[in-house]
Structures are given as structure tokens and as C-alpha cells.
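Trainee: Each chain, letter by letter, is given below.
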Amino acid sequence: MKSLILQTAARYLLPLLALYSVLLFLQGHHDPGGGFVGGLIAAASLMLCALAYGVPVARDVLPIQPRNLIGIGLLSAAAAGSVGTLQGKPFLTSAWVKLQLPGFGELELGTPLLFDAGVFLAVLGVTVSILMTLAEEEEEE
Amino acid sequence: MPLILPILIPFLTAALALLGWRSLRLQRWLGVVGAFALLAAGIGLLISVQNEGIRTAQIGNWPAPYGITLVADHFAALLVLLVGIVGSAIAVYSLADIDEPQQSFAYYPLLHVLLMGVTAAFLAGDIFNLYVWFEVLLIASFVLLALGGERPQIEGAIKYVTLNLISSFLFLTAVGILYGAVGTLNMADVARKLQTLDNPDIVTTLAVMFLVAFGIKAAIFPLYFWLPASYHTPPAAVSAVFAALLTKVGIYSLIRMFTLVFDHAEAPPTFPLILVLAGLTMLTGVLGAIVQDDFRRVLSFNAICGVGYMMLGLGMHTPLALTGSIFYMTHSAVVTAVLFLIAGNAHLVRGTFRLDRLGGLAREAPWLAVAFAIAGLSLAGIPPLSGFVAKLILVRAGLEAGEHLAVAIAIAAGLLTLYSIARVWDAAFWKEPPAHEVPIERIGGEHEPGPLLPREKFLLGAPVATLVVLVVIIGLAAGPIFSLADAAANELMNPAGYIEAVLGGAS
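Order-wise, the sequence lines are chains G and W.
Per our numbering, residue 1 is the first one in the first sequence, and the count goes up by one each step.
Per our numbering, residue 1001 is the first one in the second sequence, and the count goes up by one each step.
Because the hints were derived from the structure by calculation, they are not lab data.
Certain hints may be false.
[To be verified] Coverage of chain G stretches by chain W, computed from C-beta distances (three or more under 8 Å per stretch; other residues unrestricted):
no.	segment
1	63-71
2	80-87
3	92-105
[Said to hold, decoys possible] Now the in silico label distances, taken between C-beta atoms and shown as ranges:
no.	chain 1	residue 1	chain 2	residue 2	range
4	G	Y20	W	G1176	26 to 36 Å
5	W	S1104	G	K2	56 to 66 Å
6	G	E108	W	E1456	51 to 61 Å
Bear in mind the structure is a predicted one, so any value in this text is a computation, not a measurement.
All residues carry an ideal CB built from backbone N, CA and C; glycine is no exception.
All chains should be modelled from the sequences, with the hints used to inform the complete structure.
Mentor: Now the structure itself:
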């Protein structure tokens, strides 16, 4: 299915959706959002691309295999949890570092961010592999 | 040793195996190494529980009852160790049993997700967390069950999925009602708050809902139909890990809930009901086993019969009876796994599980016959093997508790088990093989039946031999395992210790 309207709209929507997924992911620590819904939106942007231009194009947009994303996501979540264990505290205890960035101010980074990034990648990987497999079967028929 | 380790090891193994998707060789190595690491963690956990008593970990350092708690008492630690033992045996056996096209469908990642779900369910100290781990292991098991995609497998998988989803639905509903009633889901906190809850109706409702939900998972009478309808369809290694471990999760949850949460003066008298169900489970299980004509269906029904024995100990609810249940769980995990692996071995040689089409295996594979004889006699409860000790404890406990009918059923079921095993022995190992060519029964693999290569012989034989040796050891060196089970039973009979360990002195 090729539609000029969809293709033109997708060209503008894709970067917006990708940005929105990152925004949702980052604001998830204090406000509604987080890795799960961010990953879903990112997957939705890729699926929009697949609908408009076909699955092969969407596969090219994603630089790595979706199932590798799942693995990397799971590992970063586990790594985030293990930081607490290595400090002798229970698993998943959060650890924070404060960075002084000249001209920007103070930036606080912690393991919850890494954990959530893992969730983001795992959700993105799972959703994209499921949807692309289904979409490819459709195209083969 | 951190309490998270038995959960983290299979998690990391699965994640790394996913990254190594392109290399089956890497996945196999990871699968085996991960399983043995889990075994080592299981041993470490049991030793640390022996030394320090009940261990807890508050995930994320959020204190109970607000955070997620992991708890390891003797009961949970022993079961985690069993997961390590069975998981290692299965990981090695799978190298030869699951062929490459099937392995390439993420077999090893899924196996480890399943093992993670099982160990984590044993360690969960929070009911909602327990529910989540049930779902984790179920999702992995759905895929493993259909691995191969043959028609009977899909049929079995549909029954399995449907009934297990009903169970999950009931479980989640009960969790919701429980939260509405007491406002907490931490098991220790629930146990404490239910004692003062002045609403016996809701406690009765909850007890029955949990009994049905876990009863489906544990395959007790009359909710066991999914088990014999599905366990004979997947590859042998998969059916072995399912039969050895998955019903144990259901029984574990029943024992945990009914000794910790629903055991106080105000609670409804559920133990007599459990006792009746246990007797019926033993009888229907063993009666089913003696009429089946498929090797693995006989074993599936025997597994249901075993569930009855484990429930029996909970139903009698004395320290000795619970010791018997826990001992039986140890024995049953090992012996069930090895019997299913032997059936898989027979299938690899002959290409069928049908008893009327097997035969002559005693001459063709004498060591397999020896292994089957030992494991089968142990299942039936012949001294000095592991099953004898387990049943002896239960019978003794039954006589002490004055439950003569239950004892009679247990002994009768034991005799009928012997008969069902003798039938398999006669049909598969003793009688002459059929003269004509038998049709090959495929489970998705491309393996042609026939004599095994030396490499296959080793990979299939080593796990079987190790587990058979364990069966003999559990029987001969019953003392240490009895004292372990006894310690576990005493902790279960005195839930105050568990509550104290989780919540501390805080009120």
C-alpha cells in the first residue's frame, strides 16, 4: 500500500514521534511517562514508517536488530540493579552522581535512568520484532 | 551471597543468549554454564540459610511492607536448589535432544526465563510479585510447549494456555480482593493483618479462590485436565522440566499461603478439604496412569498422583506431615525429571512414545533399562529408594494424626503406581519389539530414530545417570535431607518466625 498522503505525513510525524518518545522517557522519573510508554511510542513511530514505506525501509531506519535491542535493554536494566548489590545494598537500590556542568548547572544522574533506558530498549525491541514479523507475513501473502 | 543471585543468573543468561542470537554454539554454552551457575547459587543459598536462618532482601532498599521483599527460608532455598539440579540436567540433555531448528527459536533464552520465573516465585515475599513470576514462567512455558509447531502440540498448548489463564485470572482477582480487604500484599503483613480482620466471609472467599487458582497450577483433583492433555506433546527435555518444576510452583504456593496466611484461629477450616482433594488426586492420578498407552501420558498421570501425596502432607498439617510433603517434593522433582528424560531417550531410539509400538529396549539399551528400573521403583516407593522414605514419612504422619483412610489411599496408590510402572517396563523394555515398521511420531524435530552417536549417548546419558544416582542418594542418605525438610516444616508451622524476619520487630 503506497499512499502519498501517508508518506508525506510520516516524513513530518516520524521525527516528532521519536522526540516525543524521548521526552516521555525523560520526564518519567517524576511525572507520567517513563521507559515503557516511551518505548511504545518509539515503536509506533517505526511502525508508521513501515506502513508508509514498507517493512524493509523501516528495518533500515533501525540501525540494529530489534532482538539485540531486547538483549541490550535487559542487560542495562540488570546493570542498573546490580550497582546497588555491588555497594553492598539490596538489588535495585538507586545510586546517584551529581555532575557540575559549566554553563549548564548541576545534573543529577542515577541508576533509575539507566534502568528506565533498559526498559525503553526492551519494550522497543519486543514491540518492533512482533509487529515487523506480522507485517512481513502480510506482505509475503 | 546476595539473595537476588538465583534470579539474576538466569536473567543475565537469557539476555546474553538473546544477544548471541546468531551463534547457536554460544547460546548452548551460555545455556549450560548459566544452569550450572544457578545450581551453584542454589547450593550457596541453602548453606547461607542453614547458617543464618530465614534471609530477606528488600529490593531497592524500600522497607517491607512497602517495597518488594525476597524471602528465603529452608523451604524456598531447598526448592531453588532443586531448580538448579533439574535445570542443569535439562540444559545438558537439551544439547542432544532439542535439534538445531528448534534451538534457533530462542530455546535457551526461554528455558532460562522459565527457570528465572520458577526460582523467583519460590523467593517472592509479596503476593503480587508471586503473580508476576507466575506470568513470567507461564509465558516462557507457552512458547516452549509449542516449540516445533506440530498439530498435537498446538492442541495441547491451547488447553494448557486456556486453563492456566483461567487460573491467572482467578489469582489476580483474589489478589485484588485481598488488597481491598487488608491494604497490603506483603505476605507477612497480610498474615498479620488477616488475624485481626473481623470479616470471616471474605477470608473464606479468598481462601477458596487461592485454593482453586493454585490448584489449577498444581494440577489437583478435579482441576488437573490440562496436564495430561499437554505434557506429552513438547520435546522430552521440555516436558521433563515442566513436570519436575511447574506443578511444584503451584504446590509451593498452596503450602506457603495456607501455612502462612490462612492458618490462624479465625481462618476457615480448609485443611480437611485439602485432605479430601489430596486423596482424590492420588486415586484419579494413579488410575489414569494404569490405563494410558503413551509412555509420557503414564508419567503425566503419575505426576498428578505425586501432587496428591504432596497435598496430603499439607492437608494433615502436622510438622511431620509437612516434612513428608517437602521430602516428597525433593524426591518428586528428581525422579519425575529423570523418568521423562528416559522416555525421551526411548523416543530418540525408536521414534515413538506409544507403549504398544515400543519394546525390546532392555536388550537394545540395557543402561537405560537399569535407569528406568531404579527411577520407576523409586516412584512406586520401593525401599531403599527416595520414594520409599517420602511415602514412609507421610504414612507415619497419617497414622499419628489418625487419618487412617488417607493412609490407606496413599498405600493403595503406591501399589497401583508400581503396577503402572511395571506395565511400562513390560511394554517398553521387556516384550519383543513389534515385527513391522512403526510410524515415526514427530515432535517438530528432524531427528531420525536410530542408534545414538557417542556424543549424543554422553549428552543424553550423563543427566539421566546423575539424576538416578541422586534418587539413590536421597533414599540412602535420607537423614540430612530429612533434617532439612524438618527444619523447613518447623518454619512453616511457626509463621511468626517468617513474619518477624520480614517485618522485623516493627508493628
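Trainee: Could you run down the list of hints and mark each one as holding or not?
Mentor: The hints, checked one at a time:
no. : hint                         : verdict
1   : 63-71                        : holds (count 5)
2   : 80-87                        : holds (count 4)
3   : 92-105                       : holds (count 3)
4   : G:Y20 / W:G1176: 26 to 36 Å  : holds (33 Å)
5   : W:S1104 / G:K2: 56 to 66 Å   : violated (34 Å)
6   : G:E108 / W:E1456: 51 to 61 Å : holds (57 Å)
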